[in-house]
Amino acid sequence: MPKFLTAAAREGSFYSAVLLLVVAAAFPFYWMLITAFKTNADLYNVTNIPFWFNDPPTLEHFSYLFHETLFGRWLLNSLIIGVCVVAITLVTALPAGYSLARMGGRSGEVIGIGIFLTYLVPTTLLFLPLSRIITMIGLQDSMWALVLVYPTFTIPFCTWLLMGFFKTVPREVEEAAIVDGCSLLGAFFKMVLPLSVPGILTVVIFTFTLTMQEFVYALTFISSAAQKPITLGVATDLVRGDVFFWGELMAGALIASIPVAIAYSLFLDRFIAGITGGAVK
Amino acid sequence: MGGGLAAIEQAMKVIAIEERPRRATWSWRFMRDRAEVLGPILLAPATLYILLLVAVPFLLAVYYALSAYTIYNPSYRFVGLSNFISVIQDDTFQQTLVNTFVFTLASLLIGLVLGKFGALLLLRPFPGRRIVRALIILPWAVPVALATVAWQWMFDSLYSVINWTMIALGLLTRADAPNWLGQPHLAMLCIVIVNAWRFFPFSIVIFLAGITAVPQDVLDAATVDGAGFWRRNYQIILPMIAPIVVVGLIFGVVFTFTDLSIVYLMTNGGPVNSTQVLGNLGFLIGITDGDVAHGAAISLFMFPVLLALVIVMLRSIRRHEI
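Protein chains in written order, with my numbering: chain A, 4 to 284; chain B, -5 to 316.
Be careful, since some hints might not be right.
Stated by the list, open to error - Taking beta-carbon pairs under 10 Å as the criterion, some of the chain A residues facing chain B (in silico):
#1 Val21
#2 Trp34
#3 Thr38
#4 Thr42
#5 Leu62
#6 Ala99
#7 Ile114
#8 Leu133
#9 Pro154
#10 Thr162
#11 Ala238
#12 Val246
#13 Met253
#14 Leu257
#15 Asp272
Stated by the list, open to error - Here are some of the chain A residues that sit facing chain B, going by a computed Cβ distance under 7 Å:
#16 Ala96
#17 Leu213
#18 Met215
Stated by the list, open to error - Listed next, the stretches of chain A that the computed footprint assigns to chain B, with coverage defined by at least 3 CB atoms under 8 Å from CB atoms of chain B:
#19 123 to 131
#20 260 to 266
Simulated from the structure, these hints should not be mistaken for lab results. Heads up, the beta-carbon is just placed ideally off N, CA and C, and yes, glycines get one too.
This is chain A alone, in the form it adopts within the complex (with noise of 0.2 Å):
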C-alpha cells in the first residue's frame, strides 16, 4: 500500500515536527518542574538520569521558600503591585479609551497613535532619570515606586486596547440612550461599560500580568528585600554569594509563572487583537 504508507509519513513527520517545537517551547519548564520536586542529593549528582526522579520527589523546597526565606511576602507585594496598578490603569484608560474610540476627531488620531508609541518606550531608557525621580520624591527603595511607575506601560497599552473594543459597541447604543435623556457621559457609564466587561476584564488580567513580568524598573529602584516583588524576588534573592539554590530557584520560578502562564493561554487572542488593532483594521 505505497499511499496509505505515503500518508502515514506525511502524517508522522508533521506530529514529529509539532513534538519537536512543543519540546523546545516547553523543556524549560519541565527542567523548572522537576528541579523543583528534587531532592538536592538528587539534583547533585551528575551520574543520575536528571530527566526523571531517582530518589522519592520532595516538597522540601517549596517548605524552605515560605519558612525560611521572604517568598510569602514577595507575593503579597505583587499582589498588591497588581491591585494597584489595574486601578490606576483603568480610572485613567477607560475614558481615554472610548474618548479615542468616538470623540477623537484628526487630532485625537494623532494622539492615539502617540499613546500607543509610548509603549513602545523602552524601561532602559528611562529608568535613569525615573530612579532619580523616585529618589527626590522619596519612593527610592519601596514597592510604591513601581505603583507610580508602571501605568507608564500599561496605560498605553490598554488604552489602546479598550479604544479597540469601544469601536465593536454599535453607536445605536448610545444614541438611543440620549435620546431617552441620557447625558454623553451617563450613556457611556450607563450603556457602554456594562457592555465592555469581557474587554475590561482582559485589561485587567494583563495590567496584571505585564506587572509581573517587569524586571529592569522593580531592579532599578527596590534593593531591599522585604519591598521586592516576587519575579525580582526569585531571581535575585535565592542567591547567596555565588551559591545558587536551585531547587529554591526553580520552586519560586514555578509558583511565580503558573497564573501568568494560565492568563495568556485563556486571553491569548484578545492580547492579539490588542497589539495589532492598529496594523488590520
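With chain A held as given, fit chain B onto it using these hints.
Coordinates of chain B only, in the frame set by chain A:
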C-alpha cells in the same frame, strides 16, 4: 376657555420648574453633552500621566547626558556632547554596540524562521491543538526573568542537562564538556538562544493572526488561477500579512535591542564584556557605578536606532497598504 388658559399656565410653571435646575448646572451639562468638550477631558488623565512619567523623564535623560551629573556629585554643570564623545571612544562601548546588534539580529532571525514554521504547523486543525498552542506560548508568557533563571540552570557549568545529554549520547566526554556561560562565543550563543526561544511563540502567534486574516476566497481564486504553494505563500499571503508581521517585528526589535533582564541575569555582560549590551552597560554605569551622566548617554544611543527602525517599518506598512 378659562380652563385652557389655566392649563397653559400650569404647563409654563412646570417648564419653569424644570428649567431652573437645568440653568443652575448649565456648565456641567454642557460639559457632559458636548463631545468636543468631553473628549479632551476624558483623555486628559492618561495623557498627563504619560507626559509626567514618560516625556519628562526622557527630557531629563537628555539633560543628564549633557551634564556632569553623578549621584555623588549631583551638579547640573553643562558639558555639551563630551559624555557622548567619551562614550563612543570607549572600547567597551564599541564592543557593546556590536554585541547588541548581533544579539538582536540573530535572535530575531531565528525567532522569525521558527515562527513561520510553527505557524504553518498550527494552521492545520489536529487533535490537541489547543494544548499544543498553550504549551508553545509559555516562553513568551512566563516572566522573562524567571525563564532566564531556568535557562541559567540548564547551562550550569557542572550540572548542565545539555552537557549531560550530550555525554550520555557519546558526543562529549565529561572532561571537555563546554562551560556555556564561561566562554565568550558560547555565552553569546546562549543569550541569543534564550531570546530567540522567548520570541518565537510571539512570532508564531503574529503569523497565525495574519494568515487567518487572509480571506479564503482570495486564496481559492489564486489556486484556480494556477498559483502553487510557494507562490500563494510569497506573492499573496506574505504581502497581505506584512502590516501585522511588521507590527510584531517592531515589538520584537524594540524589546530585544533594549533588553536588560536576560543579559543581566545570565552573564552580566561577561565573560570580559563579550555579551555586554546597551541596556546592561547603561545599568552598570548609571546605577551600579552611579555615573548617571554617562549611563544616560549610553542609554540614549538606543534612541536614534529605535526611531529609525520604527520609521522604516511604519513606512513599509504604508507602502503595502497602497
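Checked hints:
no.: 1; hint: Val21; verdict: holds, 6 Å
no.: 2; hint: Trp34; verdict: holds, 6 Å
no.: 3; hint: Thr38; verdict: holds, 7 Å
no.: 4; hint: Thr42; verdict: violated, 14 Å
no.: 5; hint: Leu62; verdict: violated, 19 Å
no.: 6; hint: Ala99; verdict: holds, 4 Å
no.: 7; hint: Ile114; verdict: holds, 7 Å
no.: 8; hint: Leu133; verdict: holds, 5 Å
no.: 9; hint: Pro154; verdict: holds, 6 Å
no.: 10; hint: Thr162; verdict: holds, 6 Å
no.: 11; hint: Ala238; verdict: holds, 4 Å
no.: 12; hint: Val246; verdict: violated, 12 Å
no.: 13; hint: Met253; verdict: holds, 7 Å
no.: 14; hint: Leu257; verdict: holds, 8 Å
no.: 15; hint: Asp272; verdict: holds, 8 Å
no.: 16; hint: Ala96; verdict: holds, 6 Å
no.: 17; hint: Leu213; verdict: violated, 10 Å
no.: 18; hint: Met215; verdict: holds, 6 Å
no.: 19; hint: 123 to 131; verdict: holds (count 9)
no.: 20; hint: 260 to 266; verdict: holds (count 4)
Checked against the numbered hints given earlier, this structure breaks hints 4, 5, 12 and 17; the rest are met.
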